[in-house]
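Given the sequences, and given the hints that come with them, work out the whole structure.
Line by line, the protein sequences give chains A and B. So the first sequence is numbered by the numbering used here: it starts at 1 and just counts up by one. So the second sequence is numbered by the numbering used here: it starts at 1 and just counts up by one.
Don't read these hints as lab results, they were simulated from the structure. The model shown is predicted, which means the values in this text are computed figures rather than measured ones. Some clues are possibly wrong.
[To be verified] Now the in silico label distances, taken between C-beta atoms and shown as ranges: (1) K155(B) to V239(A): 55 to 63 Å; (2) Y133(A) to I2(B): 35 to 43 Å; (3) A69(B) to G146(A): 31 to 39 Å; (4) E190(B) to A275(A): 34 to 42 Å.
Note that CB positions come from ideal geometry on N, CA and C, so glycine has one too.
Each chain, written out:
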Amino acid sequence: MDSFISTVITQAPIKFWWILAGLILLLVLASSIGQYLARKNNNDVIRNLNDRIRAWWIMVAVLVACFMIGKVATLVLYAFLSFFALREFITLTPTRKGDHWALCICFYIAIPLQYWLIGADWYGLFVMCLPVYGFLLLPAVTALSGDTDAFISRVAKIQWGLMLTVYCLSYAPALMLLPIPGYEGQNLLLLMYLLLVVQLSDIFQYIVGKLFGKTKIAPNVSPSKTIEGLIGGGFLAIVAGTALWWITPFTPLQAAFLSFIIVACGFLGGLSLSAIKRSIGTKDWGYMISGHGGVLDRLDSVVFAAPVFFHLTRFIFVP
Amino acid sequence: MISPLLSLTTRFLIGALPRWQASQPEHRQRIYFANHTSHLDTLAIWSSLPAELRKTTRPVAARDYWDKAGVRRHIATQGLNVVFISRDKQSGDPLSPLYEALENGDSLIIFPEGTRHFLPLPAPFKSGLYYLAQKFKTVELIPVYLDNTRRCLPKGSLIPVPLACTVTYGAPLEAIEHEEKTAFLQRAREAVIALAPHEITTD
Numbered sequence: 001m002d003s004f005i006s007t008v009i010t011q012a013p014i015k016f017w018w019i020l021a022g023l024i025l026l027l028v029l030a031s032s033i034g035q036y037l038a039r040k041n042n043n044d045v046i047r048n049l050n051d052r053i054r055a056w057w058i059m060v061a062v063l064v065a066c067f068m069i070g071k072v073a074t075l076v077l078y079a080f081l082s083f084f085a086l087r088e089f090i091t092l093t094p095t096r097k098g099d100h101w102a103l104c105i106c107f108y109i110a111i112p113l114q115y116w117l118i119g120a121d122w123y124g125l126f127v128m129c130l131p132v133y134g135f136l137l138l139p140a141v142t143a144l145s146g147d148t149d150a151f152i153s154r155v156a157k158i159q160w161g162l163m164l165t166v167y168c169l170s171y172a173p174a175l176m177l178l179p180i181p182g183y184e185g186q187n188l189l190l191l192m193y194l195l196l197v198v199q200l201s202d203i204f205q206y207i208v209g210k211l212f213g214k215t216k217i218a219p220n221v222s223p224s225k226t227i228e229g230l231i232g233g234g235f236l237a238i239v240a241g242t243a244l245w246w247i248t249p250f251t252p253l254q255a256a257f258l259s260f261i262i263v264a265c266g267f268l269g270g271l272s273l274s275a276i277k278r279s280i281g282t283k284d285w286g287y288m289i290s291g292h293g294g295v296l297d298r299l300d301s302v303v304f305a306a307p308v309f310f311h312l313t314r315f316i317f318v319p
Numbered sequence: 001m002i003s004p005l006l007s008l009t010t011r012f013l014i015g016a017l018p019r020w021q022a023s024q025p026e027h028r029q030r031i032y033f034a035n036h037t038s039h040l041d042t043l044a045i046w047s048s049l050p051a052e053l054r055k056t057t058r059p060v061a062a063r064d065y066w067d068k069a070g071v072r073r074h075i076a077t078q079g080l081n082v083v084f085i086s087r088d089k090q091s092g093d094p095l096s097p098l099y100e101a102l103e104n105g106d107s108l109i110i111f112p113e114g115t116r117h118f119l120p121l122p123a124p125f126k127s128g129l130y131y132l133a134q135k136f137k138t139v140e141l142i143p144v145y146l147d148n149t150r151r152c153l154p155k156g157s158l159i160p161v162p163l164a165c166t167v168t169y170g171a172p173l174e175a176i177e178h179e180e181k182t183a184f185l186q187r188a189r190e191a192v193i194a195l196a197p198h199e200i201t202t203d
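Here's what the structure looks like:
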């Protein structure tokens with residue numbers, strides 16, 4: 001065990017330690033501000049803020065632990081995240097008895113298969129297995145159950161749930177697959193970069209929106225999203241993403257462009273998943289992360305940003 | 001050994017999130033009575049209780065389903081420490097194993113509908129709960145509503161689909177002097193229904 005930990009520590013690139021130090025610094029700063037605010041005026045907003053900060057400590061700890069252990073641990077972590085996200089999605093989506101086998105396939109076959117394909121470095125099948133074979137098989141299985149009530153909408157719900165929570169989310173750890181010349185052995189940093197920019201964008205938009213937000217973008221969909229928050233928070237996230245160019249294979253200018261893409265996709269993801277929540281009539285996807293809601297509340301931006309970031313990076317940097 | 005594993009697996013698959021709406025998890029002798037829509041119900045309630053309470057809380061399980069050779073009986077006896085009850089008409093009082101457990105000081109989990117109903121709201125209750133309440137007046141009767149387990153494991157399927165299920169605990173049923181059996185059973189059933197989510201009761 002000791003030798004395992006020491007190899008882990010010596011193998012992690014030096015850039016990783018800088019990022020880790022930066023993250024811890026940020027969290028300490030956030031916790032101090034949270035404690036200060038709580039002493040001054042402990043209302044619901046502040047309590048929720050402190051819940052969120054505490055949850056961030058745990059999330060960062062889990063992510064960093066998996067990063068250090070390596071590829072398999074990261075894949076297992078994401079498989080679990082997909083599992084819980086899909087569980088949240090299906091829990092809130094009305095399904096019927098006739099959907100049972102289709103759902104079993106989603107949970108017990110699709111999730112392990114998708115992450116196994118990443119682990120096996122099988123890019124060709126990873127990109128098409130669910131959208132081609134999965135999306136043809138599932139409606140057929142549902143049809144075999146013989147229940148045709150609301151068939152189209154039931155099939156659509158299951159397919160979209162699977163696409164968002166499994167297919168799109170799996171693109172984040174799939175960044176480990178990309179053979180980028182001159183960047184070998186550091187791909188986990190690319191995953192960390194994506195997560196950092198997405199989550200910083202969410203946090204900055206939340207803070208700027210709370211401080212300066214006036215004009216609501218889509219009041220029917222999400223009352224907390226404002227133009228001021230989007231522009232101010234998005235801008236800060238792009239600045240942070242540009243400043244982190246040195247952990248990626250990008251030049252600063254390329255990093256700025258890709259950060260912009262991540263921020264834009266993340267925003268659209270948050271908006272689309274809010275629209276689903278509204279149509280189901282709920283505020284949060286679940287209860288697993290205290291202060292944040294469910295797993296899907298935290299990953300809504302990632303599921304839209306990850307596939308686009310993956311394919312753009314692949315298009316530009318993989319020969 | 002098998003008990004922690006059982007509750008961990010159950011919570012991983014179906015959440016079994018407890019909502020102590022009008023009662024608290026306490027060391028008291030209780031009868032938890034719930035609606036019954038799936039074979040997962042026993043596991044769901046039992047797993048949602050704190051580990052300490054699980055030691056003294058025994059689900060009542062139908063002998064014809066749970067006392068079968070193999071894994072099922074092992075789970076029932078070693079993991080859940082169930083009280084078996086016979087559903088077929090036999091000589092003697094079918095409730096006597098339950099009396100015995102209550103006299104030992106254990107708490108019970110029972111499904112007064114007698115069998116599973118694949119519907120959001122429970123069917124009329126069988127009389128067992130009434131006789132238990134008559135005989136053990138100091139034992140608290142806690143209504144429990146189970147949400148979603150029927151979607152996890154519909155009748156006739158063997159593999160559960162993972163969905164987050166909630167277990168809502170209501171206030172103890174108050175004792176009313178000289179209450180008729182039917183009135184009592186009706187009141188108990190309504191106490192369970194009152195815990196169901198609003199959109200279900202207004203369907």
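Hint check results:
The supplied range of 55 to 63 Å is met by K155(B) and V239(A), whose beta-carbon atoms lie about 57 Å from each other. Taken as a hint, the range 35 to 43 Å holds for the pair Y133(A) and I2(B), whose Cβ atoms sit roughly 38 Å apart. Taking the beta carbon of each, A69(B) and G146(A) are about 34 Å apart, inside 31 to 39 Å as hinted. For E190(B) and A275(A), the hinted distance range of 34 to 42 Å is satisfied, since their beta carbons lie about 37 Å from each other.
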